[in-house]
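Enquirer: Please build the complete structure, drawing on both the sequences and the hints.
Numbering follows my numbering, in which position 82 of the sequence shown is assigned residue number 544; successive positions increment by one, without gaps.
If you're looking for bench data, these hints aren't it; they were derived computationally from the structure. Cβ coordinates follow ideal geometry from the N, Cα and C atoms, glycine included. Keep in mind that a hint or two might mislead.
Distance ranges between label pairs, derived from CB positions [unchecked claim]:
{"#": "1", "residue 1": "L763", "residue 2": "L803", "range": "27 to 33 Å"}
{"#": "2", "residue 1": "A589", "residue 2": "V501", "range": "33 to 39 Å"}
{"#": "3", "residue 1": "I469", "residue 2": "C503", "range": "33 to 39 Å"}
{"#": "4", "residue 1": "R597", "residue 2": "L494", "range": "33 to 39 Å"}
{"#": "5", "residue 1": "F600", "residue 2": "K566", "range": "17 to 23 Å"}
{"#": "6", "residue 1": "L563", "residue 2": "V501", "range": "19 to 25 Å"}
{"#": "7", "residue 1": "A495", "residue 2": "F862", "range": "46 to 52 Å"}
{"#": "8", "residue 1": "A738", "residue 2": "E816", "range": "30 to 36 Å"}
{"#": "9", "residue 1": "L479", "residue 2": "A637", "range": "41 to 47 Å"}
{"#": "10", "residue 1": "A623", "residue 2": "L763", "range": "52 to 58 Å"}
{"#": "11", "residue 1": "F571", "residue 2": "G542", "range": "16 to 22 Å"}
{"#": "12", "residue 1": "L750", "residue 2": "A589", "range": "52 to 58 Å"}
{"#": "13", "residue 1": "L750", "residue 2": "G497", "range": "55 to 61 Å"}
Simulated crosslink set (SDA-like; lysine to any residue; CA at most 25 Å straight-line) [as the list claims (entries may be wrong)]:
{"#": "14", "residue 1": "K784", "residue 2": "L758"}
{"#": "15", "residue 1": "K566", "residue 2": "V556"}
{"#": "16", "residue 1": "K566", "residue 2": "V584"}
{"#": "17", "residue 1": "K566", "residue 2": "N799"}
{"#": "18", "residue 1": "K784", "residue 2": "N799"}
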Amino acid sequence: MNPRLRILIVGILAALLALFVGVSIANESYLLALGCSAVICWALAERFGGALPDAWLVAGALLGYIAGNRGFAQLQLAPGLPLFPAEAVLLVAVPALLARLAQKHTQAFRRDPLNYAVVLWVVLGAARLPVDFSRHGFLAARDFAMVYYTAFFFLGQAFAAHAGSARLLRRALTAGCLALPLLAPAFRYFPDFFLGTLTVRGIPLVYYKDDLLATLFAAAFFWLWTCWETRRRRAWLVPVAACLLMIGTTSSPRAAMVAVAGVTATWLLARRWQIAAAQTAVIGTATLIALLLFALSNRDLRETAAYSTYENVVSIFDYEAKGRYTNRDSGDPGDNNRFRLVWWHAVADESLAESPVFGLGFGHDLAARFLADYGLLGADDFSARSPHSMVVTVFGRLGFAGLACWLAVAAGMAGMTRRIFRHGTAASRGLASVAWVIWISACFGVVLEGPMGAVVFWTVLGLANASVGAGPEVIGEENAPIEPAHLPTAAEQSSPRFLPLPLSLPPRP
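Expert: As structure tokens, this is what we get:
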């Protein structure tokens, strides 16, 4: 084709496309504009970027779910279209991954126990979905999200094999963790700005759910600590200490506290004592400062934030809800314990009675029996569907079969963590710690059933598992082809530069 004719045709098509994009934006529909922008950015990233284009999407989701939390999770690409950020990323990244797998340009599956356990988990959930979808429709697909978010695990493993993409994801994780101690206090003290100004179509871009915020603070503490271990710059210790202390400032910190204790125990078992010493120093110093400020003021100790943190710690062991809690910010954590235990018993009893092997399925209302047992049948504002524990949710949805698969995933994570703490780098220890913080927190809250925790968990777990046995990161050109060494020609061999040096012996002593 004539080059001028080709340029003319492309120009006409581009002008028509620009016209349609302008009309859609005027009608407050941004899907076409976002699609065109995505295609352009994809082409530019493939041509000039150091990371894969879909890795940029996953990195954006990772940063968004950490820094924006529930607000970012509620964004929609177009009005009336139930396509949220995580689903939009999967809609693009999974076909791209399959295309690379078909061309053998990447590897998303590794032959290790964790990968086999994850595959079993996905296969069991996928086999159950058609039956449940015919009965419950969209609700079944909504509950199935806790399974299909597993795709981020394989994306993380695939991107880990590409140096630029792996570096991008780690930087996105670092940026999100650094933003947390800045955005969370700002959200608390300036809610009008975040809820009224920083919005997209009336949806706040940043909105924090307190139990997830505490979990993210705990995860950020371990990740930023390993960033300090890598760089050894004291400036990193400031956000490290801030994330650790801000766990106690949230209204639901107990699951995160248990997660911090459990992951710290892993570090101690690996004979890495410095992190526990740092925790003791930070918490001890903060406690002394709080007591000093209390002594200089006339406030009641029981109304301070430090006392609220103390009551939350004590209430972890109050299974029978017999404790007395006086701090206003603490709420009634003992009754919250009873709330969870009653719900867990209700789900377990119903599952054992109706379908103990394969569970009650996706779409089944796991709260119906609990509402009757807890006396909340008339509560119109109760909309929770998950019983505040991933373990109980798995048993309720998939029975003993699903529980076995989920525990196999945990066992695979344990083996991965053991190898990482023996032979891994500081970054791999940080990734494993983040994954375990989220997994432990999910045992006591709604974390992995939604994208706010699941996207971070599965992506980080994939990166961590791919780092097992990997060598140190090479600084320089990424993925550059290895060229054969230059062999001298006959003319070059006769030049003085290629002549062998005469053999000489050292002088006698």
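Enquirer: Would you mind marking each hint as holding or not holding in the structure?
Expert: The hints, checked one at a time:
1. L763 / L803: 27 to 33 Å: holds (30 Å)
2. A589 / V501: 33 to 39 Å: holds (35 Å)
3. I469 / C503: 33 to 39 Å: At 23 Å between Cβs, range violated.
4. R597 / L494: 33 to 39 Å: holds (36 Å)
5. F600 / K566: 17 to 23 Å: violated (37 Å)
6. L563 / V501: 19 to 25 Å: The hint (19 to 25 Å, Cβ to Cβ) holds, given that L563 and V501 are roughly 22 Å apart.
7. A495 / F862: 46 to 52 Å: Holds, at about 48 Å.
8. A738 / E816: 30 to 36 Å: Taking Cβ atoms as reference, A738 and E816 lie about 45 Å apart, which means the hint is violated.
9. L479 / A637: 41 to 47 Å: With Cβ atoms ~33 Å apart, the hint is violated.
10. A623 / L763: 52 to 58 Å: holds (54 Å)
11. F571 / G542: 16 to 22 Å: violated (37 Å)
12. L750 / A589: 52 to 58 Å: holds (57 Å)
13. L750 / G497: 55 to 61 Å: holds (56 Å)
14. K784 / L758: Judged against 25 Å, a Cα distance of about 33 Å means the pair is violated.
15. K566 / V556: holds (15 Å)
16. K566 / V584: holds (23 Å)
17. K566 / N799: violated (50 Å)
18. K784 / N799: holds (10 Å)
The structure fails to meet hints 3, 5, 8, 9, 11, 14, 17 from the earlier list, while all remaining hints are met.
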